[in-house]
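So the protein sequences, as listed, match chains A and B. Going left to right, the first sequence walks through residues 2 to 555 as my numbering numbers them. Going left to right, the second sequence walks through residues 2 to 555 as my numbering numbers them.
Keep in mind that a hint or two might mislead.
Any copy, or any two copies together, can satisfy a pair, since identical chains are not distinguished.
Said to hold, decoys possible - With a cut-off of at most 20 angstroms between alpha-carbon atoms, the simulated EDC-like pairs for lysine to aspartate or glutamate come out as follows:
{"#": "1", "residue 1": "Lys51", "residue 2": "Asp88"}
{"#": "2", "residue 1": "Lys549", "residue 2": "Glu18"}
{"#": "3", "residue 1": "Lys51", "residue 2": "Glu202"}
{"#": "4", "residue 1": "Lys549", "residue 2": "Glu331"}
{"#": "5", "residue 1": "Lys549", "residue 2": "Glu362"}
These are calculated hints, taken from the structure and not from any lab test. Since the model is a prediction, treat every value here as computed from it, not as a measurement.
There are 2 protein chains.
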Amino acid sequence: MSGTSDGVPRVLETAPERYRHWRLAVDGAVARLALAVDEAGALQDGVALKRNSYDLGVDLELRDAVTRLRIEHPEVRCVVLESALPDVFCAGANIAMLARSSHPLKVNFCKLTNETRLEIEDATRTGQRWIAALAGTASGGGYELALACERILLVDDRRAAVSLPELPLLAVLPGTGGLTRLVDKRGVRRDLADVFCTLEEGVRAPRALEWGLVDAIAVPSEFGALVEREVAAALAPVHASHGHPTHGSHGHPTRAPRAPRAAAGLLLEALDPEVTARRIGYRHIRVSLDPERRVAEIRLAVPEGSLVEMLRLARELDDALLRLRFHHTELGLWLLRVVGSPAAASQLDRELCADSWLAGEVRALWGRVLKRLENSARSSFALADAGACFVGPFLELALAADRSYLLRDADPPASLELTPANFGAYRMGNGLTRLETRFLGAPALLERARAASGALDAERALELGLVTEALDEIDWGDSLRVVIEERASFSPDALTGLEASLRFAGPETLETKIFARLSAWQNWIFQRPNAAGPDGALRAYGRPERAKFDWNRT
Amino acid sequence: MSGTSDGVPRVLETAPERYRHWRLAVDGAVARLALAVDEAGALQDGVALKRNSYDLGVDLELRDAVTRLRIEHPEVRCVVLESALPDVFCAGANIAMLARSSHPLKVNFCKLTNETRLEIEDATRTGQRWIAALAGTASGGGYELALACERILLVDDRRAAVSLPELPLLAVLPGTGGLTRLVDKRGVRRDLADVFCTLEEGVRAPRALEWGLVDAIAVPSEFGALVEREVAAALAPVHASHGHPTHGSHGHPTRAPRAPRAAAGLLLEALDPEVTARRIGYRHIRVSLDPERRVAEIRLAVPEGSLVEMLRLARELDDALLRLRFHHTELGLWLLRVVGSPAAASQLDRELCADSWLAGEVRALWGRVLKRLENSARSSFALADAGACFVGPFLELALAADRSYLLRDADPPASLELTPANFGAYRMGNGLTRLETRFLGAPALLERARAASGALDAERALELGLVTEALDEIDWGDSLRVVIEERASFSPDALTGLEASLRFAGPETLETKIFARLSAWQNWIFQRPNAAGPDGALRAYGRPERAKFDWNRT
Numbered sequence: 002m003s004g005t006s007d008g009v010p011r012v013l014e015t016a017p018e019r020y021r022h023w024r025l026a027v028d029g030a031v032a033r034l035a036l037a038v039d040e041a042g043a044l045q046d047g048v049a050l051k052r053n054s055y056d057l058g059v060d061l062e063l064r065d066a067v068t069r070l071r072i073e074h075p076e077v078r079c080v081v082l083e084s085a086l087p088d089v090f091c092a093g094a095n096i097a098m099l100a101r102s103s104h105p106l107k108v109n110f111c112k113l114t115n116e117t118r119l120e121i122e123d124a125t126r127t128g129q130r131w132i133a134a135l136a137g138t139a140s141g142g143g144y145e146l147a148l149a150c151e152r153i154l155l156v157d158d159r160r161a162a163v164s165l166p167e168l169p170l171l172a173v174l175p176g177t178g179g180l181t182r183l184v185d186k187r188g189v190r191r192d193l194a195d196v197f198c199t200l201e202e203g204v205r206a207p208r209a210l211e212w213g214l215v216d217a218i219a220v221p222s223e224f225g226a227l228v229e230r231e232v233a234a235a236l237a238p239v240h241a242s243h244g245h246p247t248h249g250s251h252g253h254p255t256r257a258p259r260a261p262r263a264a265a266g267l268l269l270e271a272l273d274p275e276v277t278a279r280r281i282g283y284r285h286i287r288v289s290l291d292p293e294r295r296v297a298e299i300r301l302a303v304p305e306g307s308l309v310e311m312l313r314l315a316r317e318l319d320d321a322l323l324r325l326r327f328h329h330t331e332l333g334l335w336l337l338r339v340v341g342s343p344a345a346a347s348q349l350d351r352e353l354c355a356d357s358w359l360a361g362e363v364r365a366l367w368g369r370v371l372k373r374l375e376n377s378a379r380s381s382f383a384l385a386d387a388g389a390c391f392v393g394p395f396l397e398l399a400l401a402a403d404r405s406y407l408l409r410d411a412d413p414p415a416s417l418e419l420t421p422a423n424f425g426a427y428r429m430g431n432g433l434t435r436l437e438t439r440f441l442g443a444p445a446l447l448e449r450a451r452a453a454s455g456a457l458d459a460e461r462a463l464e465l466g467l468v469t470e471a472l473d474e475i476d477w478g479d480s481l482r483v484v485i486e487e488r489a490s491f492s493p494d495a496l497t498g499l500e501a502s503l504r505f506a507g508p509e510t511l512e513t514k515i516f517a518r519l520s521a522w523q524n525w526i527f528q529r530p531n532a533a534g535p536d537g538a539l540r541a542y543g544r545p546e547r548a549k550f551d552w553n554r555t
Numbered sequence: 002m003s004g005t006s007d008g009v010p011r012v013l014e015t016a017p018e019r020y021r022h023w024r025l026a027v028d029g030a031v032a033r034l035a036l037a038v039d040e041a042g043a044l045q046d047g048v049a050l051k052r053n054s055y056d057l058g059v060d061l062e063l064r065d066a067v068t069r070l071r072i073e074h075p076e077v078r079c080v081v082l083e084s085a086l087p088d089v090f091c092a093g094a095n096i097a098m099l100a101r102s103s104h105p106l107k108v109n110f111c112k113l114t115n116e117t118r119l120e121i122e123d124a125t126r127t128g129q130r131w132i133a134a135l136a137g138t139a140s141g142g143g144y145e146l147a148l149a150c151e152r153i154l155l156v157d158d159r160r161a162a163v164s165l166p167e168l169p170l171l172a173v174l175p176g177t178g179g180l181t182r183l184v185d186k187r188g189v190r191r192d193l194a195d196v197f198c199t200l201e202e203g204v205r206a207p208r209a210l211e212w213g214l215v216d217a218i219a220v221p222s223e224f225g226a227l228v229e230r231e232v233a234a235a236l237a238p239v240h241a242s243h244g245h246p247t248h249g250s251h252g253h254p255t256r257a258p259r260a261p262r263a264a265a266g267l268l269l270e271a272l273d274p275e276v277t278a279r280r281i282g283y284r285h286i287r288v289s290l291d292p293e294r295r296v297a298e299i300r301l302a303v304p305e306g307s308l309v310e311m312l313r314l315a316r317e318l319d320d321a322l323l324r325l326r327f328h329h330t331e332l333g334l335w336l337l338r339v340v341g342s343p344a345a346a347s348q349l350d351r352e353l354c355a356d357s358w359l360a361g362e363v364r365a366l367w368g369r370v371l372k373r374l375e376n377s378a379r380s381s382f383a384l385a386d387a388g389a390c391f392v393g394p395f396l397e398l399a400l401a402a403d404r405s406y407l408l409r410d411a412d413p414p415a416s417l418e419l420t421p422a423n424f425g426a427y428r429m430g431n432g433l434t435r436l437e438t439r440f441l442g443a444p445a446l447l448e449r450a451r452a453a454s455g456a457l458d459a460e461r462a463l464e465l466g467l468v469t470e471a472l473d474e475i476d477w478g479d480s481l482r483v484v485i486e487e488r489a490s491f492s493p494d495a496l497t498g499l500e501a502s503l504r505f506a507g508p509e510t511l512e513t514k515i516f517a518r519l520s521a522w523q524n525w526i527f528q529r530p531n532a533a534g535p536d537g538a539l540r541a542y543g544r545p546e547r548a549k550f551d552w553n554r555t
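If we strip away everything but chain A, and leave its shape as in the complex, we get:
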């Protein structure tokens, strides 16, 4: 992974044999993932990644490991997350890196780290249980990483501590879900959480246990044995693990046991897209970049074939979304097109519903990619014209989009079809299906959609409320041009706030709280002179001068 001066790598995918910062070892049902950040391996010149602090490069490797553990190593049922350095688990995001990063990079970096930590929780819920073994201090984003694990073990050596020192040290928030996980996931009492977040030095083992910040502690000589006991408990059948109450389960579906697996995993091949100034080309996806109109078109071709190709398509879309987020921040509108044969889409839909581990993993991955789309700060329109194929799992893309436009009487016709997959297989971050969210105020429409079978023509799709507008051939070009130009002319910031508010009606979960509530506050704080200004705390860190604050409260 080679860095650029702006701190964003040109290639976002990686593989264990190329990791610079993590060591992954799989031994039967147990994997150990150890952080050993290469200080000299930062993406930005002049940044030293000391004390296991991380930048985007470190986190892209973690993302890769989380995905590979699920798909390449289905036999793994417990992952021990630990450090390979003495006395430190992880010091969080590197501060020099943050201080040099542009606002969009900071925000996109935080978003990716948040998504990856939610993926760790998703893996835990589906039976690959993550344990954070803290043989040294976990501070800031380091403790937030531990918070994403089901269990947190801390060594009691009178030195190691857990801490969230962002507020006192840097005048920003713990930006990776820490605040939400403290009170909403672990149920830490709010006044103790308040005290904790103001203690630069954090809290050591006995009090951390008392306040619910960690789940178990042990002196150094017994720490290894504690970890082994926890691993054994994680591997035991679910009924035997009553010793591990889950803290505050609000917003968390109950953990499902993972079926024992004989199957070997599936090796993830490199995606290696062809990249030019105006195009990113994958096997199943073509992204066309149009900087003049500030638009990207993402065209997916439904694979003719097996789950393995569907898996590849999902990975390609994920890679494309991240590339668009990091490399093309000016392209504010994404146009989503799916083309292909409805028969092939239906066949894939059936295979995705199978009761195999692979089908489950591909479904889960497609669900995560759809959520990544919804959590992207970009407008999205789905376009269904000649040859379009929005069937079942592919229809979810249109339901995830801010708007959808359908061409009447297209030739070949645009295929729209609801399948059982649209009623539960791919849930949004708010815990509802996209149709439940869409019809929150009109449950009768949800029932009508449930009863609709077979291909839907334009009138039927409109009547069912599945598309925003249906246009005749004669209007298609001009009307779309106008709405696309209009969308691309609005303020990017206002659109981000608008979309974040309209996309997620209904209940909130840990996940939606992190992306909307916590991230929105952090975005605001990252802009404030008290943090990011020339005299702000983020810029003053490590310098002799103290930060200067505007004391007005807002």
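Since the structure of chain A is provided, determine the placement of chain B on it from the hints.
Quick look at chain B alone, frame taken from chain A:
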């Protein structure tokens, strides 16, 4: 109400006989509240409040009317909100006023308007049902005001429209709950909401009805009759009102019928605090201002007496909180002290539990004031030392605070006592009691608190998790000085985000979504150059030049 150059009036309370912008007429069970903004009555010099647009002064009058309708006019069961100007209902917040306002004023203004609209919804739920009668256009905050009513009626005259044009016109969000109410309260489909929010000119009657933006429409000659029918339906017993389904009830408790009332209301006397540079003095409350330490102390004395004095105390605290928010933005930490006789507090607590309309209204008001405290962007510590009286409803103040400190063995002792009031009478915006939120991760602690009766000494209060720390006399002064100085030294912005994240664990409601999710995004957008910069849309509005945008999406 006299303005100052910064757009904030020195006196925040008002009364109908002094209204400049509203006309309130009560006739039996029906009140009509008509907006007729005095263009020349803006708080800021050089701002003309055209087309029923509002500033803080207009909204403070609305707040007064909402409160007086409940307490002075308990006989009112239906409020018709309308305009006294032709062709326009309300054009929302005045743009010139917004463009000239400082960031803290914009944010605090939006917060108050949001609170008042939630109070309208609270009144509707408890049986004083609000109907918005739009005989003309409602745009921006004007439509958001209508959205706070249970029913929205729009004239169908081919001109009048409802609109949220903030994004296309000003590059900001509809900042008064509009986005949340569209999709979460009214259940408007998200893609239609998306289209609606990009239409500068808005949507006229037939389509507004079709999209669920309004509840009923009528041509001009029949509009009066429509309003009368709706009023009659609102006055009918609840069983007869099935014709009025409530849109998307997510986050909204079921509407309770209001008991018929023979009682006459209670006239609200003026509070008229004595105000000096270092003190705001009320009958029951004294606020000490300490700009050197950036701290305000709010000292409440439990009234010896009746509900009428408790009502006054609640109004005093409400006025004090608003004064601190608007006039003293640099005082970042509020210290809360309650003193008085535990016997008097218990007596008031019993009276508050009574089944009378007055008890109900005082309870409701105290609940709203507690929520105003929690929604304030200030840190708060409750201090219980000699003579402190945190009993029942007054204990809620300590539970609302970010931290609480208790002096051991004080003389006279600090009284802490749980009463049934702490288990349901005063709910937070998230729908839970403060104790339920506090013990979200530890339901057993909630049950222990429920079983605790009588005065609690320091050990018991600590053990029950009701206070953050108990200090000996010898440590009290020094320890408090240190934590107070420390708190006042942190970045105000980071504290605001921290507190907004830690205070509201658990479920989310329309209310918490508005204050955290929507307001956080709006705070961010209000800071962005695309809106508020020299070339931003908010500043460019009404000028010949177009706004210039940075096209990067974040």
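Verification of the supplied hints:
| no. | hint | in the structure |
| --- | --- | --- |
| 1 | Lys51 with Asp88 | within (13 angstroms within a copy, 65 angstroms between copies) |
| 2 | Lys549 with Glu18 | neither (46 angstroms within a copy, 47 angstroms between copies) |
| 3 | Lys51 with Glu202 | within (18 angstroms within a copy, 55 angstroms between copies) |
| 4 | Lys549 with Glu331 | between (33 angstroms within a copy, 14 angstroms between copies) |
| 5 | Lys549 with Glu362 | neither (50 angstroms within a copy, 46 angstroms between copies) |
Hints 2, 5, counting from the list given before, are not met by this structure.
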